[in-house]
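Protein sequence lines correspond, in order, to chains A and B. Our numbering applies: residue 1 is where the first sequence begins, and numbers increase by one. Our numbering applies: residue 1 is where the second sequence begins, and numbers increase by one.
Read the hints as simulated data drawn from the structure, not as lab findings. Some hints could be false.
Computed cross-link-like contacts, DMTMM-like style, restricted to lysine to aspartate or glutamate with a CA-CA straight-line distance of at most 20 Å [what the hints assert, rightly or not]:
no.: 1; chain 1: B; residue 1: Lys248; chain 2: A; residue 2: Glu264
no.: 2; chain 1: B; residue 1: Lys202; chain 2: A; residue 2: Glu264
no.: 3; chain 1: B; residue 1: Lys139; chain 2: B; residue 2: Asp153
no.: 4; chain 1: B; residue 1: Lys305; chain 2: B; residue 2: Glu280
no.: 5; chain 1: B; residue 1: Lys269; chain 2: A; residue 2: Glu243
no.: 6; chain 1: A; residue 1: Lys266; chain 2: B; residue 2: Asp203
no.: 7; chain 1: B; residue 1: Lys88; chain 2: B; residue 2: Glu69
no.: 8; chain 1: B; residue 1: Lys269; chain 2: A; residue 2: Glu116
no.: 9; chain 1: B; residue 1: Lys269; chain 2: A; residue 2: Glu204
no.: 10; chain 1: A; residue 1: Lys200; chain 2: B; residue 2: Glu268
no.: 11; chain 1: A; residue 1: Lys246; chain 2: A; residue 2: Asp262
no.: 12; chain 1: B; residue 1: Lys248; chain 2: A; residue 2: Glu267
no.: 13; chain 1: A; residue 1: Lys266; chain 2: B; residue 2: Asp227
no.: 14; chain 1: B; residue 1: Lys202; chain 2: A; residue 2: Glu267
no.: 15; chain 1: B; residue 1: Lys248; chain 2: B; residue 2: Asp227
no.: 16; chain 1: A; residue 1: Lys148; chain 2: B; residue 2: Glu280
no.: 17; chain 1: A; residue 1: Lys87; chain 2: A; residue 2: Glu116
no.: 18; chain 1: A; residue 1: Lys266; chain 2: B; residue 2: Glu45
no.: 19; chain 1: B; residue 1: Lys256; chain 2: A; residue 2: Glu264
no.: 20; chain 1: B; residue 1: Lys269; chain 2: A; residue 2: Glu129
no.: 21; chain 1: B; residue 1: Lys43; chain 2: B; residue 2: Glu280
no.: 22; chain 1: A; residue 1: Lys246; chain 2: B; residue 2: Glu268
Here chain A is said to cover these stretches of chain B; the calculated rule only asks that three of the stretch's residues, wherever they fall, bring their Cβ under 8 Å from a Cβ of chain A [as the list claims (entries may be wrong)]:
no.: 23; stretch: 186-196
no.: 24; stretch: 251-260
no.: 25; stretch: 276-290
Selected chain B positions facing chain A (Cβ under 7 Å, derived; list incomplete) [said to hold, decoys possible]:
no.: 26; residue: Pro156
no.: 27; residue: Ser160
no.: 28; residue: Tyr247
Beta carbons: idealized from backbone N, C-alpha and C, even for Gly.
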Amino acid sequence: MEDALLQIRDLHTTFYTRDGLVRAVDGVSIDIAAGESVGIVGESGCGKSMTAMSLMGLLKKPGKVDGGTILFDGQDLTAMAPKDKRKLMGNRISMIFQEPMTSLNPVITVGRQVQEALLLHKREMSRTEAKNRVIQVFQLAGIPDAAKRYQEYPHQLSGGLRQRVMIAMAMVCDPGLLIADEPTTALDVTIEAQILHLMKQLQEEKGTAVMMITHNLGVVAQFCTRLYVMYAGKVMESGTVQEIFKNVCHPYTEGLMRSVPDMESKERLYNIRGMVPSMLHLPKGCRFCPRCQYSMARCFDQEPGLYEPSPGHFVRCFLFEPEKGEEKP
Amino acid sequence: MNRSEVLLETRNLTKEYQLRNNFGIRKKQVVHAVSGVSIEIYKGETLSLVGESGCGKSTLGRLLMRLIEPTEGEIIFEGQDIAGYSEKQMNQVYKKIQMIFQDPYASLNPRMRVRQLIGEPLITHKVCKTRDETDKRVKDLMHMVGIRPELIDRYPHQFSGGQRQRIGIARALALNPRLIVCDEPVSALDVSIQSQILNLLKDLQQELCLTYLFISHDLGVVHYISDRICVMFLGKVCEIGETEEIYKNPLHPYTKFLLQAVPSMNPEKRQQREHILTGEIPSAVNPPSGCRFRTRCPYAKEICKTKEPELKSFGTRKAACHFAGAG
Chain A
1 MEDALLQIRD
11 LHTTFYTRDG
21 LVRAVDGVSI
31 DIAAGESVGI
41 VGESGCGKSM
51 TAMSLMGLLK
61 KPGKVDGGTI
71 LFDGQDLTAM
81 APKDKRKLMG
91 NRISMIFQEP
101 MTSLNPVITV
111 GRQVQEALLL
121 HKREMSRTEA
131 KNRVIQVFQL
141 AGIPDAAKRY
151 QEYPHQLSGG
161 LRQRVMIAMA
171 MVCDPGLLIA
181 DEPTTALDVT
191 IEAQILHLMK
201 QLQEEKGTAV
211 MMITHNLGVV
221 AQFCTRLYVM
231 YAGKVMESGT
241 VQEIFKNVCH
251 PYTEGLMRSV
261 PDMESKERLY
271 NIRGMVPSML
281 HLPKGCRFCP
291 RCQYSMARCF
301 DQEPGLYEPS
311 PGHFVRCFLF
321 EPEKGEEKP
Chain B
1 MNRSEVLLET
11 RNLTKEYQLR
21 NNFGIRKKQV
31 VHAVSGVSIE
41 IYKGETLSLV
51 GESGCGKSTL
61 GRLLMRLIEP
71 TEGEIIFEGQ
81 DIAGYSEKQM
91 NQVYKKIQMI
101 FQDPYASLNP
111 RMRVRQLIGE
121 PLITHKVCKT
131 RDETDKRVKD
141 LMHMVGIRPE
151 LIDRYPHQFS
161 GGQRQRIGIA
171 RALALNPRLI
181 VCDEPVSALD
191 VSIQSQILNL
201 LKDLQQELCL
211 TYLFISHDLG
221 VVHYISDRIC
231 VMFLGKVCEI
241 GETEEIYKNP
251 LHPYTKFLLQ
261 AVPSMNPEKR
271 QQREHILTGE
281 IPSAVNPPSG
291 CRFRTRCPYA
301 KEICKTKEPE
311 LKSFGTRKAA
321 CHFAGAG
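Generate the whole structure from the sequences, applying the supplied hints.
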């Protein structure tokens, strides 16, 4: 994509542990256009959060980005000086975390915590202006009695309200890209619906691009326009939500979709056999082949590339490799 | 399935927690965790308790196991009121009621081997006399839940989350119970592992004629596993009845909103704005007067404020709303 706001190219993030190298993110490429909402789906340990952490520069030792580029607005984040990066984070790129309970400071009022982002990034703003702006954003985020809530501490708010504060904090500087790491996983369904609705509304009003990291395919179906399915550090399938939900290609995505109980049928659930491999001992060849119901002999020693069965829909599986005859020279 | 035989019944079961101040002196406030719940669990069925956090579903499950002492009410299991049983008497009941817990990491003792974990109930209840007998039964159980019996001498940390949950299930099955209380058994697991455990629970039910009380907040999972569901809100039952009927045509407004709030897997069906429930769950310390749902209910009228709705029957179903069935 030419006009992408965010271009992740062949990103490698490795953890240098005592037991060996863990390639948590292994050659991931993701594009997000301005104003687009993109879902990153996968089970625990597939590298979806690590992709976001690498992007934000929040990796902890022994983790390290050791390959690839992350272009945001044409600037390479991996090569940027920490000082310049700090100007970008929380300002043009911001993030919402999964746990609204642990990601707020318990001894500072929520208003001041949100205000901090403004005072850091918008130096020309006075404290009073910043306060008014925060109250305005609180109202936008659907927090009732915004002026009163401004002075409250996190423990005085419910989980749903805390997540709204997190969203307000992320949106206060009008970012171009919002990374939401499982923003509704810790919330109840009715609150989840409220938060998703709010995020959608803010996204449409402000034209913010959203990277939605989740394990819930329902959330992706409702919220996103495109999605990337990750497994063991690699993108297995990508394309538009419409296309993938209608015409699923990769055996893993298919298994994932069929193992979620939906509310329409009571058919026996499909099981993906086995379990997610340890990142220290990945199987040779295709990473999914030991669990795949269609695996062939070559899956066990060759790694499949990305093939494009239909325009814009990419699949990492030999089943979709174009026939030799058809291949263009 | 035989729906005539009631295995367990609660009558007006209530649990209230006394709030105390920092010096341990009683305050006037009381947390109404479970208020006057009367439900029946039939033999061989799966009854699911559904609701959001704080609705009292887990408290109810624990009350049935007597892990929490009820404030008021009766628990009738196989014709006997076990609410007043002593610890010694309860030990006999625990042969017939067992529990599967939510967190497979916290519910297994990290210093015990699988042999001890699954074998412990067999020894304490003197089901198996000799060591060989115990080992044989443990291996049978491991086979039943899909763990290779060779792994009998491993510790919990050597297993993945899904396998640990299988060990938890084997432990619950060890005494051949009639009723298993499953408290969010799959919510800590990944999607692909979740489906394996759900299918295992279903197979075991068929094989061993088990009855499940299944506690969950995931409406998709509940639809898949249960015969009947019971929707709770703030310690009270809103609606109880056959799963299919409730999912097709919910009578209580809360059930309706709950079902609509679940993000659908079909991208064509994007949520409409009017289907979103506003507000948050009220506090269980000061529940609203009358109907407890009225502060969030868009259809609330004057009567909802003053009069508490009773659980009324509509065919095979019961719902607690003044306007249920009125359209």
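Structure-based check of all given hints:
1. B:Lys248 x A:Glu264: holds (9 Å)
2. B:Lys202 x A:Glu264: Distance of about 18 Å is within 20 Å: holds.
3. B:Lys139 x B:Asp153: Between lysine 139 of chain B and aspartate 153 of chain B the Cα gap is close to 11 Å, so the pair holds against 20 Å.
4. B:Lys305 x B:Glu280: Answer holds: lysine 305 of chain B to glutamate 280 of chain B is near 18 Å, not above 20 Å.
5. B:Lys269 x A:Glu243: holds (15 Å)
6. A:Lys266 x B:Asp203: Within the cut-off at roughly 14 Å; holds.
7. B:Lys88 x B:Glu69: holds (15 Å)
8. B:Lys269 x A:Glu116: With Cα atoms ~39 Å apart, lysine 269 of chain B and glutamate 116 of chain A exceed 20 Å; violated.
9. B:Lys269 x A:Glu204: With Cα atoms ~19 Å apart, lysine 269 of chain B and glutamate 204 of chain A stay inside 20 Å; holds.
10. A:Lys200 x B:Glu268: holds (16 Å)
11. A:Lys246 x A:Asp262: Between lysine 246 of chain A and aspartate 262 of chain A the Cα gap is close to 15 Å, so the pair holds against 20 Å.
12. B:Lys248 x A:Glu267: holds (17 Å)
13. A:Lys266 x B:Asp227: The given pair, whose Cα atoms are some 11 Å apart, holds under the 20 Å limit.
14. B:Lys202 x A:Glu267: Roughly 12 Å between the alpha carbons, so the hint for lysine 202 of chain B and glutamate 267 of chain A holds.
15. B:Lys248 x B:Asp227: holds (14 Å)
16. A:Lys148 x B:Glu280: holds (18 Å)
17. A:Lys87 x A:Glu116: holds (13 Å)
18. A:Lys266 x B:Glu45: Roughly 15 Å between the alpha carbons, so the hint for lysine 266 of chain A and glutamate 45 of chain B holds.
19. B:Lys256 x A:Glu264: holds (15 Å)
20. B:Lys269 x A:Glu129: Given that 20 Å is the threshold and the Cα spacing comes to 42 Å, the pair is violated.
21. B:Lys43 x B:Glu280: violated (36 Å)
22. A:Lys246 x B:Glu268: With a Cα-Cα distance of about 10 Å, the restraint between lysine 246 of chain A and glutamate 268 of chain B holds, given a limit of 20 Å.
23. 186-196: With 7 residues close enough to chain A, the hint holds.
24. 251-260: holds (count 4)
25. 276-290: Contact hint for the stretch 276-290 of chain B vs chain A: holds, 5 residues under 8 Å.
26. Pro156: Constraint on proline 156 of chain B not satisfied, violated at 16 Å.
27. Ser160: holds (5 Å)
28. Tyr247: Holds. Min distance 6 Å.
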